[in-house]
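Undergrad: Residue numbers (the working numbering), protein chains in the order written: chain V, 1 to 449; chain X, 1 to 88.
No lab work stands behind these hints, which were simulated from the structure alone. Errors might be hidden in some of the hints.
[What the hints assert, rightly or not] Some chain X residues judged to face chain V by a derived CB distance under 7 Å, without partners named:
{"hint": "1", "residue": "11"}
{"hint": "2", "residue": "25"}
{"hint": "3", "residue": "26"}
{"hint": "4", "residue": "28"}
{"hint": "5", "residue": "33"}
{"hint": "6", "residue": "39"}
{"hint": "7", "residue": "49"}
{"hint": "8", "residue": "62"}
[As the list claims (entries may be wrong)] Derived coverage of chain X by chain V (criterion: at least 3 residues anywhere in the stretch with Cβ under 8 Å from a Cβ of chain V; other residues may be distant):
{"hint": "9", "segment": "13–22"}
{"hint": "10", "segment": "50–59"}
{"hint": "11", "segment": "64–73"}
For every residue, glycine included, the Cβ atom is placed at its ideal position computed from N, Cα and C.
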Amino acid sequence: MTRRVVVVGAGPAGVSAALAAADAGAQVTLVDSAPTVGGQFHRQPAGAGPDKVPGGSRLVEHPRVRLLTDTVVWTVEPLHSGHLVHVRTGQADGPGRHGEALTADALVLATGAYDRALPFPGWDLPGVVTAGAAQALAKGQGIAIGDRVLVAGTGPFLLPVAQSLVGVGAQVVEVLEANGGIRGWTPSALVAGRGKLAELAGYARLLATHRVPYRTRRTVIAAHGEDRVTSVTTAALDREWRVKPGTERRLPVDAVCVGFGFTPQLELAVSARCELVDGFVEVTPTQETSVPGVFAAGELTGIGGADLAAAEGTIAGACAAGQAIPEAALRKARRGRTFAAGLANAYPVRPGWRTWPADDTLVCRCEEVTLGALRTAARERDALGVRSLKLTSRVGLGLCQGRVCGRNAAELAAGYTGGHYDPSDTARRPIAAPLRLGELAEDPEKENT
Amino acid sequence: MNVTVDGEPQPARAGQTVAALLLAAARVSWRDTRAGGRPRGLFCGIGVCFDCLVVVNGIPDVRACQRVVADGDEIRTQHGAELPEARS
Ligand SMILES: Cc1cc2nc3c(=O)[nH]c(=O)nc-3n(C[C@H](O)[C@H](O)[C@H](O)COP(=O)(O)OP(=O)(O)OC[C@H]3O[C@@H](n4cnc5c(N)ncnc54)[C@H](O)[C@@H]3O)c2cc1C
Ligand code: FES
Chain V
1 MTRRVVVVGA
11 GPAGVSAALA
21 AADAGAQVTL
31 VDSAPTVGGQ
41 FHRQPAGAGP
51 DKVPGGSRLV
61 EHPRVRLLTD
71 TVVWTVEPLH
81 SGHLVHVRTG
91 QADGPGRHGE
101 ALTADALVLA
111 TGAYDRALPF
121 PGWDLPGVVT
131 AGAAQALAKG
141 QGIAIGDRVL
151 VAGTGPFLLP
161 VAQSLVGVGA
171 QVVEVLEANG
181 GIRGWTPSAL
191 VAGRGKLAEL
201 AGYARLLATH
211 RVPYRTRRTV
221 IAAHGEDRVT
231 SVTTAALDRE
241 WRVKPGTERR
251 LPVDAVCVGF
261 GFTPQLELAV
271 SARCELVDGF
281 VEVTPTQETS
291 VPGVFAAGEL
301 TGIGGADLAA
311 AEGTIAGACA
321 AGQAIPEAAL
331 RKARRGRTFA
341 AGLANAYPVR
351 PGWRTWPADD
361 TLVCRCEEVT
371 LGALRTAARE
381 RDALGVRSLK
391 LTSRVGLGLC
401 QGRVCGRNAA
411 ELAAGYTGGH
421 YDPSDTARRP
431 IAAPLRLGEL
441 AEDPEKENT
Chain X
1 MNVTVDGEPQ
11 PARAGQTVAA
21 LLLAAARVSW
31 RDTRAGGRPR
41 GLFCGIGVCF
51 DCLVVVNGIP
61 DVRACQRVVA
71 DGDEIRTQHG
81 AELPEARS
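So that you can see chain V by itself, here it is in the shape it has in the complex:
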């Protein structure tokens, strides 16, 4: 019987996985909540067809691929053999979405990652957004988040964001890298990432042309304004990311984009009971997770960029369809992982960030829990462990379910109590995407299977 493979996420990893599995003879369903394929890296302007994405045309024309866009996977349910993938198709968060349950002999999770943001006074003011938000808005909608924009955080991703902002007409006032930049790259990362160096050199030229200063070991430590950001304070950091006194500078801006690396989008992997290591999904060389028949590829398994994600996707797709590991993709994935390890080394998040927020700075944006309240809960109520911390302080109990604050709250609390808080505990959510109450109440028998 033909193997049925369901791929969740149509970014570089998911598109490659779908094509590899279909080429290997499987019947593939590729699901993404976005209106079109591409994921974050190949995000297309509104209305663009899939042909703009590498592999996109082949995907739509492939006789064994069914593409389900505008479709969110809200949970996966284990079957005796395989999984049932519950999806809803229709307008985002709208009423009247259409439900379906897809049977998968093998499942490939390629749900990607989102930016990590660290709390500082004023980070909740409108106009302060993640670097990815500015990127998605520029690439997908062709507009700039502001006229005078500061870009701050860590990692090479800040550079394409600055480039996109310039491309949509914003003035980028500064790009601030909290680590040491390219000087932190190890020789093996330089070798594995030599292709990337040309790309980085291109960004450097662009910043020079537009007179955008790129400063290392500096970041934004406060955003100011009443109902929106109107200025920021930036400061130099020591190696542990504590602020160097006397280096503070005030800059007028109307937008700030922050990105301190990425956090994997884990909830489906967690609900499928895949083992995690250091906050990422653990996989074998075939990209199979600890759960037989469930594969993971791309940023879910480690942050390494679009090329690595695509190589992992090819492996996952082929193996999910029952084939041997494609050698060329395996070589690419190995090189990609060496580069990724180098990046992780060069752009870590240092513990000194915990000194940036003030007592009244929100740690949890949804439930509006301040740093002071979190500290009290952790210390006085002895909240050891993520679950008790959530219950005593309400941190992470809001609509985002701890996606934004989970890692930050875990690190802060560990600093207060010396306890161990597993940040991946915050990814234990029964439902990966919000459902309307009416949808939950709907008779599952009515779902068209």
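With the hints as your guide, set chain X with the ligands onto chain V.
TA: Chain X with the ligands alone, transformed into the frame defined by chain V:
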């Protein structure tokens, strides 16, 4: 395409997200928080953070960064936690 934002007519393009429409209309915030009443708008941009919630056609808690506008949409500011409007 035409939509309204807090009752005011607003031109819209096919494929535009509600967040892009609001930002293009020079709005940076379109919600206030339940406890502090603080203004919020776009934050993560990709559907993860739930900061950008807005009311569309009487239905609250719609992520503006994910929702693509449709002709005739009535978009309005969301105040704290809202219940869906009764509609026929
Ligand atoms: C906002 C943002 C912008 C970025 N822009 C760039 C860039 O310009 N350049 C760059 O080098 N890197 C960029 N990155 C880094 C990016 O993560 C990688 O380069 C690359 O896109 C990762 O590929 P992936 O296939 O693992 O995941 P992604 O490309 O993130 O794809 C994951 C896909 O899964 C879908 N998905 C997730 N959960 C569900 C669900 N429950 N149901 C249905 N669909 C789901 C998402 O809609 C998404 O399309 C960006 C990251 C973010 C967060
Ligand atoms: S801005 Fe984060 S969900 Fe829309």
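Undergrad: Next, verify each hint and record whether it holds.
TA: Evaluated hints:
Using the Cβ-Cβ criterion of 7 Å, the hint placing residue 11(X) at the interface with chain V is not satisfied: the shortest such distance is roughly 14 Å. Evaluation of the residue 25(X) hint against chain V yields a violated restraint, the C-beta minimum of about 11 Å exceeding 7 Å. Interface hint at residue 26(X): violated, since its Cβ lies 11 Å from the closest Cβ of chain V, which is beyond the 7 Å cut-off. About 4 Å separates the beta-carbon of residue 28(X) from the nearest beta-carbon of chain V, less than 7 Å, and the hint is met.
Hint on residue 33(X) holds. Least Cβ distance to chain V is approximately 6 Å, under the 7 Å limit. Interface hint at residue 39(X): satisfied, since its Cβ lies 5 Å from the closest Cβ of chain V, which is below the 7 Å cut-off. At a threshold of 7 Å, the smallest CB-CB gap from residue 49(X) to chain V is about 5 Å, leaving the interface hint in force. A cut of 7 Å between beta carbons decides the hint on residue 62(X): the least distance to chain V is about 4 Å, and the hint holds.
Coverage of a stretch by a chain is defined here by at least three residues with a beta carbon nearer than 8 Å to that chain's beta carbons; for the segment 13–22 of chain X and chain V the count is 7, and the condition holds. Restraint check on the segment 50–59 of chain X versus chain V: 5 residues with Cβ-Cβ distances below 8 Å, three needed, restraint holds. With 5 residues carrying a beta carbon less than 8 Å from a beta carbon of chain V, the segment 64–73 of chain X meets the three-residue requirement, and the given coverage holds.
In this structure, the hints that do not hold are numbers 1, 2 and 3, in rising order.
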